[in-house]
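**Student:** Next come the chains, spelled out residue by residue.
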Amino acid sequence: MIYFDKVSKIYNGDSVALEDITFQVSPGEFLSIVGHSGAGKTTLLKMLIVEDKPTEGKVFFESLDIHSIPKSKLPKYRRKLGTVFQDFKLLPHKTAFENIAFAMEANGRSDAEIAENVPQALELVDLGTKMWNFPHELSGGEKQRVAIARAIVNQPDLIIADEPTGNLDPIATYEVVQILKKINDLGTTVIMTTHNKGVIDALGRRVITMDDGKIIRDDAEGKYVL
Amino acid sequence: MTKSGFVGFWRNAFVSLAAIFVMTVTLSVIGIALLLNQLLHTSLDQIRSKVDINVYFVTTAQEADILGLKSSLEALPDVAQVTYLSRDAALDEFKKHHENDQLTLQALDELGDNPLGASLAIRAKETSQYEGIQAFLKEKQSLEDPAKPFIRETNFYKNKDAIDKLTRIINGVEKFTIVTLAVLIISSVLITFNTIRLAIFTAREEITVMRLVGASNSFIRGPFILQGVMYGLIAGVITLVLFYPLTIWLGNMTESFFQLNVFHYYINNFSSMFAKIVGTGVVLGAVSSLFAITRYLKA
Numbered sequence: 000m001i002y003f004d005k006v007s008k009i010y011n012g013d014s015v016a017l018e019d020i021t022f023q024v025s026p027g028e029f030l031s032i033v034g035h036s037g038a039g040k041t042t043l044l045k046m047l048i049v050e051d052k053p054t055e056g057k058v059f060f061e062s063l064d065i066h067s068i069p070k071s072k073l074p075k076y077r078r079k080l081g082t083v084f085q086d087f088k089l090l091p092h093k094t095a096f097e098n099i100a101f102a103m104e105a106n107g108r109s110d111a112e113i114a115e116n117v118p119q120a121l122e123l124v125d126l127g128t129k130m131w132n133f134p135h136e137l138s139g140g141e142k143q144r145v146a147i148a149r150a151i152v153n154q155p156d157l158i159i160a161d162e163p164t165g166n167l168d169p170i171a172t173y174e175v176v177q178i179l180k181k182i183n184d185l186g187t188t189v190i191m192t193t194h195n196k197g198v199i200d201a202l203g204r205r206v207i208t209m210d211d212g213k214i215i216r217d218d219a220e221g222k223y224v225l
Numbered sequence: 000m001t002k003s004g005f006v007g008f009w010r011n012a013f014v015s016l017a018a019i020f021v022m023t024v025t026l027s028v029i030g031i032a033l034l035l036n037q038l039l040h041t042s043l044d045q046i047r048s049k050v051d052i053n054v055y056f057v058t059t060a061q062e063a064d065i066l067g068l069k070s071s072l073e074a075l076p077d078v079a080q081v082t083y084l085s086r087d088a089a090l091d092e093f094k095k096h097h098e099n100d101q102l103t104l105q106a107l108d109e110l111g112d113n114p115l116g117a118s119l120a121i122r123a124k125e126t127s128q129y130e131g132i133q134a135f136l137k138e139k140q141s142l143e144d145p146a147k148p149f150i151r152e153t154n155f156y157k158n159k160d161a162i163d164k165l166t167r168i169i170n171g172v173e174k175f176t177i178v179t180l181a182v183l184i185i186s187s188v189l190i191t192f193n194t195i196r197l198a199i200f201t202a203r204e205e206i207t208v209m210r211l212v213g214a215s216n217s218f219i220r221g222p223f224i225l226q227g228v229m230y231g232l233i234a235g236v237i238t239l240v241l242f243y244p245l246t247i248w249l250g251n252m253t254e255s256f257f258q259l260n261v262f263h264y265y266i267n268n269f270s271s272m273f274a275k276i277v278g279t280g281v282v283l284g285a286v287s288s289l290f291a292i293t294r295y296l297k298a
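For the protein sequence lines, the chains are V and E, in the order given.
Quick note on numbering that gives the first Met the number 0: the first sequence kicks off at 0 and runs consecutively.
Quick note on numbering that gives the first Met the number 0: the second sequence kicks off at 0 and runs consecutively.
There may be inaccurate statements among the hints.
Stated by the list, open to error - List of simulated lysine to aspartate or glutamate pairs, DMTMM-like, C-alpha gap at most 25 angstroms:
no., chain 1, residue 1, chain 2, residue 2
1, E, Lys124, E, Glu173
2, V, Lys57, V, Asp86
3, V, Lys129, V, Asp168
4, V, Lys180, V, Glu28
5, V, Lys57, V, Asp184
6, V, Lys75, E, Glu173
7, V, Lys213, V, Glu97
8, V, Lys75, V, Asp110
9, V, Lys88, E, Glu204
10, V, Lys70, E, Glu204
11, V, Lys79, V, Asp110
12, V, Lys129, E, Glu173
13, V, Lys52, E, Glu173
14, V, Lys72, E, Glu173
15, V, Lys79, E, Glu204
16, V, Lys93, V, Asp64
17, V, Lys129, V, Glu174
18, V, Lys79, V, Asp200
19, V, Lys45, E, Glu204
20, V, Lys180, V, Asp13
21, V, Lys93, E, Glu173
These are computed hints drawn from the structure, not numbers from a lab.
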């Protein structure tokens, strides 16, 4: 489904963020990418959502070279992805419902679909009762679950989660990971970066370990080894 | 999309207010420019129409000869109009002018004969063309038989200084207004542009999220452009409303000074003023928004 082909990214001529990265992700996989800060995890995800272009190499989504997509077609590609960030990126002046509805409006969905799908998505992340709360009225874990609901509401093929538990306490972390696992069980591919050892060891799924812009391990049932 | 444009407008009420205020100032400057331009043109036209060359003929000049000269003058490309005043008409005018002056009228009666010669009043299309017409008349005069004079005098040299001065003033005023207006309009446009950019800057977070969830560029742009158009529309209407008392206030003053009442002009040309001011506002708002938003859509 996703194929990184000898991808390198060099900033300002000499700062190497990624070096000769090659790996593949199959549909339905739950892949964790671990590594210290600055190992290149976020840069790698940026390549995937085409926020940044590789200096060398190519990234394929199915058979599509995603960095050759013309700018006007980029939104269409991004709609196949759901993204979750450490800082949630919720809009503060919109309720949980509106934040999710907003993502559907952007995809051109009808009001009827929005009225039906948004509560379903919130139900899936166990936030059915907090639909009309604003982000500042929610805890960190709840905010992140709203963000996940927003990411899945358009039924993307792939969920990209960049440090989704980075700002959360252990219980909220556990809940968020359980939800991501549930989404993965429903058939959506998930790629997550983290440096939380507990999360990785509890998941028991594929782990890619990065260091200094390189892949140093790729284990099918990985543990956090660094 | 339309809805989010309106919602964005209300949620950023303060920034919207600032943008509308700045645009109102811009549009007022443009509106004042339009009115000022009209005033200048009207008064310049009036002054121009008062400038002419008068050719006075000797009393013995034959009417046929005068009319011959008239038609040859009319054939000149620079000449706009030639008016013939016959001896009798000149006398009538003289009498009318002095109808309360019995002494002059009595003196005129005692003369018995009409002492006034016929004359031609020549008006050029442009004030700069009088010189050429004068040269033409000069040539005619030099070809005359000295024993049988025809043209008594032309008053061009009396008018020449005034004409030259006026030509210079007209050119100067036009240049000055163009430069002043250009500077004012450019600075107002830049301020408007910056204010709208500020309005959009407050929404940059929203734009980032929109891009992440795969909103197309036109979907993101739409509400902001609508917002810009609304700023322009509202500012345009406010400007037009403000101009109503302003022109009433200035009406009498301009009437006595420029012979044009701006209030009457404003009311009579309201539809064209409306189109110009509101149109400028809408275009300015839309273009400013488009430029400002494009900065955030670059990836």
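**Student:** All the hints need checking, so say for each whether the structure fits it.
**Tutor:** Hints versus structure:
This hinted pair checks out: Lys124 of chain E and Glu173 of chain E have alpha carbons roughly 18 angstroms apart, not beyond 25 angstroms. Restraint check: the Cα-Cα separation between Lys57 of chain V and Asp86 of chain V comes to about 28 angstroms, which exceeds 25 angstroms; the hinted pair is violated. Proximity of Lys129 of chain V to Asp168 of chain V is assessed by CA-CA distance (about 20 angstroms); at most 25 angstroms being required, the pair is judged to hold. Note on Lys180 of chain V and Glu28 of chain V: the hinted pairing holds, with a Cα-Cα distance of about 10 angstroms set against a maximum of 25 angstroms.
For the hint linking Lys57 of chain V to Asp184 of chain V, the alpha-carbon distance of about 29 angstroms lies beyond 25 angstroms, and the restraint is violated. For a cut-off of 25 angstroms, the pair hint linking Lys75 of chain V to Glu173 of chain E is broken: about 55 angstroms separates their Cα positions. Distance check on the hinted pair: Lys213 of chain V and Glu97 of chain V sit about 40 angstroms apart at the alpha-carbon level, beyond 25 angstroms; violated. Restraint check: the Cα-Cα separation between Lys75 of chain V and Asp110 of chain V comes to about 20 angstroms, which is no more than 25 angstroms; the hinted pair holds.
For the given pair, Lys88 of chain V sits about 8 angstroms from Glu204 of chain E by alpha-carbon distance, which is consistent with the 25 angstroms threshold. This hinted pair checks out: Lys70 of chain V and Glu204 of chain E have alpha carbons roughly 20 angstroms apart, not beyond 25 angstroms. Taking the CA atoms of Lys79 of chain V and Asp110 of chain V, the gap is near 20 angstroms; set against the 25 angstroms cutoff, the hint holds. Between Lys129 of chain V and Glu173 of chain E the alpha-carbon distance is near 67 angstroms, which puts this suggested pair outside the 25 angstroms criterion.
The straight-line distance between the Cα atoms of Lys52 of chain V and Glu173 of chain E is roughly 55 angstroms, outside the 25 angstroms bound, and the hint therefore fails. Of the pairs offered as hints, the one joining Lys72 of chain V and Glu173 of chain E is violated, with about 51 angstroms between alpha carbons and a cut-off of 25 angstroms exceeded. At most 25 angstroms may separate the alpha-carbon atoms for a hinted pair to count; Lys79 of chain V and Glu204 of chain E meet this at roughly 22 angstroms. Restraint check: the Cα-Cα separation between Lys93 of chain V and Asp64 of chain V comes to about 35 angstroms, which exceeds 25 angstroms; the hinted pair is violated.
Between Lys129 of chain V and Glu174 of chain V the alpha-carbon distance is near 16 angstroms, which keeps this suggested pair within the 25 angstroms criterion. For the hint pairing Lys79 of chain V with Asp200 of chain V, the CA-to-CA distance comes to about 29 angstroms; that exceeds 25 angstroms, so the pair is violated. Between Lys45 of chain V and Glu204 of chain E the alpha-carbon distance is near 18 angstroms, which keeps this suggested pair within the 25 angstroms criterion. About 38 angstroms separates the Cα atoms of Lys180 of chain V and Asp13 of chain V, which puts this hinted pair outside 25 angstroms; it is violated.
Pair hint Lys93 of chain V plus Glu173 of chain E does not hold up; C-alpha atoms about 55 angstroms apart against a cutoff of 25 angstroms.
Going down the numbered hints, you'll see the structure goes against 2, 5, 6, 7, 12, 13, 14, 16, 18, 20 and 21, while the others check out.
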